Structure formats: C-alpha cells, structure tokens
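Protein sequence lines correspond, in order, to chains C and R. Mapping to this note's numbering: the first sequence position 69 is 69, numbers consecutive. Mapping to this note's numbering: the second sequence position 318 is 318, numbers consecutive.
Among the clues, some could well be false.
Below, computed lysine to aspartate or glutamate pairings styled on EDC-like, alpha-carbon distance capped at 16 Å [claimed, not checked]: (1) C/LYS77 <-> R/ASP348; (2) C/LYS77 <-> C/ASP114; (3) C/LYS77 <-> R/GLU9; (4) C/LYS60 <-> R/GLU341; (5) C/LYS77 <-> C/GLU10; (6) R/LYS208 <-> R/ASP348; (7) C/LYS60 <-> R/ASP19; (8) R/LYS303 <-> C/GLU94; (9) C/LYS158 <-> R/GLU341; (10) C/LYS182 <-> C/GLU144; (11) C/LYS77 <-> R/GLU302; (12) C/LYS149 <-> R/GLU21; (13) C/LYS158 <-> R/GLU302; (14) R/LYS303 <-> R/GLU293; (15) R/LYS4 <-> C/GLU121; (16) C/LYS149 <-> R/GLU209; (17) C/LYS60 <-> R/GLU243; (18) R/LYS208 <-> R/ASP3; (19) C/LYS22 <-> R/GLU21; (20) C/LYS182 <-> C/ASP114; (21) C/LYS149 <-> R/GLU341; (22) C/LYS149 <-> R/GLU243; (23) R/LYS4 <-> C/GLU144; (24) R/LYS4 <-> C/ASP114; (25) R/LYS4 <-> C/GLU94.
These aren't lab readings, by the way, just hints derived from the structure by calculation. All values reported here derive from a predicted model rather than from experimental measurement.
Residues per chain are reported as follows:
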Amino acid sequence: MFYRCEMETELQLLNAIRSGEKGAQRRLYERFAGQAIAIGMRYVPDPDQVRDVVHDSFVKILTAVNQFHYRGEGSLKAWVNSIVAHQAINFLREHERLQLTDLTAEIVEEEEPDIGRISAEELTRLIGQLPAGYRMVLNLYVFEQLSHKEIGHLLGIKPESSASQYSRAKQMLAREIMNYLKNDK
Amino acid sequence: MRDKMADYEAAVPEGLWRDIEQSLSQQKAVAKPLWHRWASVAAIAVLVLGAGWWLWPKNEENAVTQPIEKTTRQHTLIAAAPDNSTEPVFAPVSKPVSQKSIQTDMIEEKMEEKIQETEENQQEQTVRQEQAVTHPVTSTHQQQEKTLPPTPPAKNKTVSLGLYINSGLLAQNQTNSAADKFLSYDEAAEPIITGTPSYNNNHIEEQKEHHHQPVSWGLTLSYPILPHWKLATGLVYTRLHSEFVTNKSTTDQRLHYLGIPVSLQYHLLDGRQWKAYVAAGVQIDWNIDARQERNHTDFPVEKDRIQWSVGGAVGVEYDILPQLGIYAEPGLRYYPDNGSEIKNYFKDKPTSWNLQFGIRLNLGK
Chain C
1 MFYRCEMETE LQLLNAIRSG EKGAQRRLYE RFAGQAIAIG MRYVPDPDQV RDVVHDSFVK
61 ILTAVNQFHY RGEGSLKAWV NSIVAHQAIN FLREHERLQL TDLTAEIVEE EEPDIGRISA
121 EELTRLIGQL PAGYRMVLNL YVFEQLSHKE IGHLLGIKPE SSASQYSRAK QMLAREIMNY
181 LKNDK
Chain R
1 MRDKMADYEA AVPEGLWRDI EQSLSQQKAV AKPLWHRWAS VAAIAVLVLG AGWWLWPKNE
61 ENAVTQPIEK TTRQHTLIAA APDNSTEPVF APVSKPVSQK SIQTDMIEEK MEEKIQETEE
121 NQQEQTVRQE QAVTHPVTST HQQQEKTLPP TPPAKNKTVS LGLYINSGLL AQNQTNSAAD
181 KFLSYDEAAE PIITGTPSYN NNHIEEQKEH HHQPVSWGLT LSYPILPHWK LATGLVYTRL
241 HSEFVTNKST TDQRLHYLGI PVSLQYHLLD GRQWKAYVAA GVQIDWNIDA RQERNHTDFP
301 VEKDRIQWSV GGAVGVEYDI LPQLGIYAEP GLRYYPDNGS EIKNYFKDKP TSWNLQFGIR
361 LNLGK
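Can you make the complete structure from the sequences, with help from the hints?
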C-alpha cells in the first residue's frame, strides 16, 4: 500500500504480529530472510542445508515471538539473527563432527588483505568453505562476539584452543582472500 | 569484517515462506499436552507397583495363625490390633492406582483412603475370627503400636521399593546471595545502556555463574543382607540448572544425568513404625543430555563426563502402614572433579548437603 512507504518499525511489526494481523508474520519473514540466509551460509556450506536451517529458525522465531522482549529498534533484528546463528550451530553440531583443525604450521603474521575490495557475498562464501572448526570459532568470535571462554564452554573445548583455532582461521581466511583478489585481477 | 557483513542479504530461495507457513500450522496442531508427561510418570509408577504386587508372597494363612499365637501371650489387646493390620493391608496397597504420582498431597489423600480401607478390613476380620478382642479396632492403634517391642530380625527380611525426590539443602540462602550478586551486577551494567561507552570496549569479561541446587528423582530397591544391614541400589535422574551472565548475555544451562546409586544402610532402630539408619554409598552419573539457552534459542552443548560421587546420610523412616513408609534422609555428598570443561553445581560445590524425601514400599515376607 502506498502509505506504507516509510518502513514499519520493529515495534509496529511486533504489535501487528501479536495482534494476529494477517500478513504480519510474512512481513517479518521478508524483512529478515535475506540476512538469515547470509548468516546460514557463513556457518553451513551446503545451500539446501542453509535452507533447512533458515526454515527451522523462522518456525522457531514465529512461535516464540510472543516471548520476545522488545528493547528498542534493532533488538528484533538482533534476536532473529541470533536465533538463526544458534540454529546453524545446532545443525553443525548434529550433522558435522566438529573437528578442531590442527595444522601445526607456525602462525606467521601476514599482511592483512584489503577487505574493502571483496564483496560481502564472496566473503560469506569463503568463510563457509573454511574447515568446520575454524568456521565455527571464527563465526562465534567475530559475528556472535562471544569470548573464547564462552566459545570454549559452548563447544566443550579449552578457551586456549578456541583462541588458537581463531588465529589459524583468520590466517587461512586472509590467505584465501588474497588468492581470490589475485585471481580476480 | 563484521560491519561489512552486517547488512548483507543473500538471495532467498523460492517457496521457503510457503514451507514455513505450513510448518507453523502443523505445529499448532501437534502441541503436546502437558498431561502426557504426567501420564508417563503414572504409567511407570503403575508398572513398578504392579511388579511389586506380583512379587508379593501371598500367605493369607499366616494372617489367621499369627494373631492367635500372640493372643495366647499376655498382651491380647495390643497385639491383636496391629498384627491384624499387617496382613489385610495387602489388598489396598496393591491397587496401583493409588500411587500415580509423587505429589505429596495426593499421597496423603490416598493414605487416608488406605487407612480407612484397612480399618474396614480389620473390622471384617475381627468379626470373622470371633476373637477374644472385645473392642473393635479403632484409630488409636497407632499409639498401641508404639508400645510394642522392636520387631524381631526376621521381619527385617523385606525388600523395599522406594520413590524419592532429592534436593540440595540451604537452597534459600544460596539463591539469595546469588540474587544479590546479580543485583549489584545489574547496577554496574546500567551505565553501559545509558551511555558511557568506555565500558563497552572493555575486553575483560566478567562472567557470573549461578548454579541452582540439583534436584533428583529416584527409584530404589533395597535388600537386607545381614541383620541390621541393607544394600540399596536403583536409578536416579538428576537435573542441574545453571546461569551464566556476562555483560552481553545470559546463558541458561541444563544438564540431565542418569545415575546408579549403590549404598549400604545400617539400621540403628527397627521399630514397628519408626526406623532409623545410617547409610553410605557411591553413585555414578552419566550426562544424558546437555543444553544451553540464550536469547530464546536452545541448543545442545558438549556433554559432561561420567561423574562419580560418594556420600553418607542418616535416615528416619515412619511406616504409615507396615508396607508403606515415608522417609527423610539428610546427607552429605562429595563429587570429585571429573576433569571436564563443563561448569556445573558439582564443580562449584564439590561437597554439599542434601535432603531426600521418599516413600518406601516394604514388600514383606
């Protein structure tokens, strides 16, 4: 409708869903689905599996939306994203044996690649291709902003293992990005 | 990198919404009613009691001979009443329906029913036997029983089936002190929200842990091995609940354990109604499920390793009926570090007090 050119606020959307307004659930889905897919792809490499993860996430979100505590604009988005991330983590824990990749290679400080030159889409793909342990720790540390202590707790590993997985993951990703940029030239 | 990706939206596969909508409407249809859980608890109780009834030796003849023997002794009046009550109780206790749940109020209700039934039976029997008992058996039989000498060791030869709930002691105190911590933490956190960003960049993370008292439900079987000594074993379900609070989030952790206890009881007092004993034993617990919840999502986490523990307790049992007693057992338990990374109550407080309440079915000989 024309008068809805300004974007509905999260609170308006929530109220619409809670009052049972037809189509409100779908609006929530349409608003966040793209991000949800992007998050899923960072954790789970297979597109069909990403679809499953996002499907289950939205079922969860829409069933639990009445228990969600609104804490200002942006909190709904953060909540939705965190559910997708956890759903993906769940999925990985159940389907992919979490193996900590231990390439004993020395960690050498390489130059940081220029992230500005790579698209978000490509970056997502590269992260999705990292070995399981790297991928998980990198996602949790960088995107979920968990501490190594929390990651250790979540995955049942030592915080130091999480930290070393992270630095190796970072190094590997940097190399991948460099390669990509080189080939792209 | 995080900022770069923050608003990235990938292409959404077609038909996804349709599937979600479908799942949602299906989910509404299959919401599992709560009574299902209670029904399964009841079914287990019925099974246990049914097995108990089946194992029960049916020696009706004794019911007649025993009282007569006693009446030839001095205390005709006293002995006849409780001994009469020993045998007829078979019938009412055997009704599995009367033990459907562990809820105490229900049990109390049923107890009353049973006592009534018992009394009815007693009266019937008294009439039938045409004993020299002139007074009908009344509810004062409780008092009379107290005056009886302790039961002979032969009476000890009974297998007991028990159901219990076990919880940490001093729960009140602990929760309060932890709540205080949370409160002061919240106050400290307030400036972050209202806008002193310097706090936000602080990389030292404070994680407050709060471990709730463990709660266990158990099923036990105890068997006399020597006079005064009983060996008990069974199956215990334990639930541990913890909260981890950081500046960013609160994580709820629930661990579910299934354990096997083995303990020895030494009976100090074996009265007709009151029993007192000391017990010591070991328990081995397996973590069957480990979950965490954060931001309304729950996800499985790494399971805990096998957890051993040793413990001691003193117990007092009161038999409402000769075949049915209630008991309380305060005890102390020690959980050695099992070396896992999981944080739980056992790691937080390796030595802790607990209190067990339960009912025991004494399957008599």
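Verification of the supplied hints:
With a CA separation close to 36 Å, the supplied pair C/LYS77 and R/ASP348 exceeds the 16 Å bound. A C-alpha spacing of about 28 Å is found between C/LYS77 and C/ASP114, which places the hinted pair above 16 Å, so the restraint is violated. For the given pair, C/LYS77 sits about 13 Å from R/GLU9 by alpha-carbon distance, which is consistent with the 16 Å threshold. As the CA atoms of C/LYS60 and R/GLU341 are separated by approximately 29 Å, the hinted pair breaks the 16 Å bound.
Distance check on the hinted pair: C/LYS77 and C/GLU10 sit about 8 Å apart at the alpha-carbon level, within 16 Å; holds. A distance of roughly 12 Å separates the Cα atoms of R/LYS208 and R/ASP348; the hinted pair therefore holds under the 16 Å criterion. A C-alpha spacing of about 13 Å is found between C/LYS60 and R/ASP19, which places the hinted pair at or below 16 Å, so the restraint holds. For the given pair, R/LYS303 sits about 13 Å from C/GLU94 by alpha-carbon distance, which is consistent with the 16 Å threshold.
For the given pair, C/LYS158 sits about 7 Å from R/GLU341 by alpha-carbon distance, which is consistent with the 16 Å threshold. The hinted pair formed by C/LYS182 and C/GLU144 fails the criterion: a straight-line CA distance of about 30 Å is larger than 16 Å. Among the hinted pairs, C/LYS77 with R/GLU302 is inconsistent with the structure: their alpha-carbon atoms are about 28 Å apart, more than 16 Å. At most 16 Å may separate the alpha-carbon atoms for a hinted pair to count; C/LYS149 and R/GLU21 exceed this at roughly 38 Å.
Taken as a hint, the C/LYS158 and R/GLU302 pair is honoured in the structure, with Cα atoms around 12 Å apart against an allowance of 16 Å. For the suggested pair R/LYS303 and R/GLU293, the alpha carbons sit about 15 Å apart, so the restraint of at most 16 Å is met. Straight-line distance between C-alpha atoms of R/LYS4 and C/GLU121 comes to about 10 Å, which keeps the hinted pair within the 16 Å bound. For the hint pairing C/LYS149 with R/GLU209, the CA-to-CA distance comes to about 13 Å; that is within 16 Å, so the pair holds.
The straight-line distance between the Cα atoms of C/LYS60 and R/GLU243 is roughly 22 Å, outside the 16 Å bound, and the hint therefore fails. As the CA atoms of R/LYS208 and R/ASP3 are separated by approximately 29 Å, the hinted pair breaks the 16 Å bound. Taken as a hint, the C/LYS22 and R/GLU21 pair is honoured in the structure, with Cα atoms around 12 Å apart against an allowance of 16 Å. The straight-line distance between the Cα atoms of C/LYS182 and C/ASP114 is roughly 11 Å, inside the 16 Å bound, and the hint therefore holds.
Between C/LYS149 and R/GLU341 the alpha-carbon distance is near 11 Å, which keeps this suggested pair within the 16 Å criterion. A distance of roughly 15 Å separates the Cα atoms of C/LYS149 and R/GLU243; the hinted pair therefore holds under the 16 Å criterion. Taking the CA atoms of R/LYS4 and C/GLU144, the gap is near 14 Å; set against the 16 Å cutoff, the hint holds. A threshold of 16 Å between alpha carbons decides the hint, and for R/LYS4 with C/ASP114 the separation of about 12 Å falls inside it, so the pair holds.
Restraint check for R/LYS4 and C/GLU94: not satisfied, since their Cα atoms lie roughly 29 Å apart, outside the 16 Å limit.
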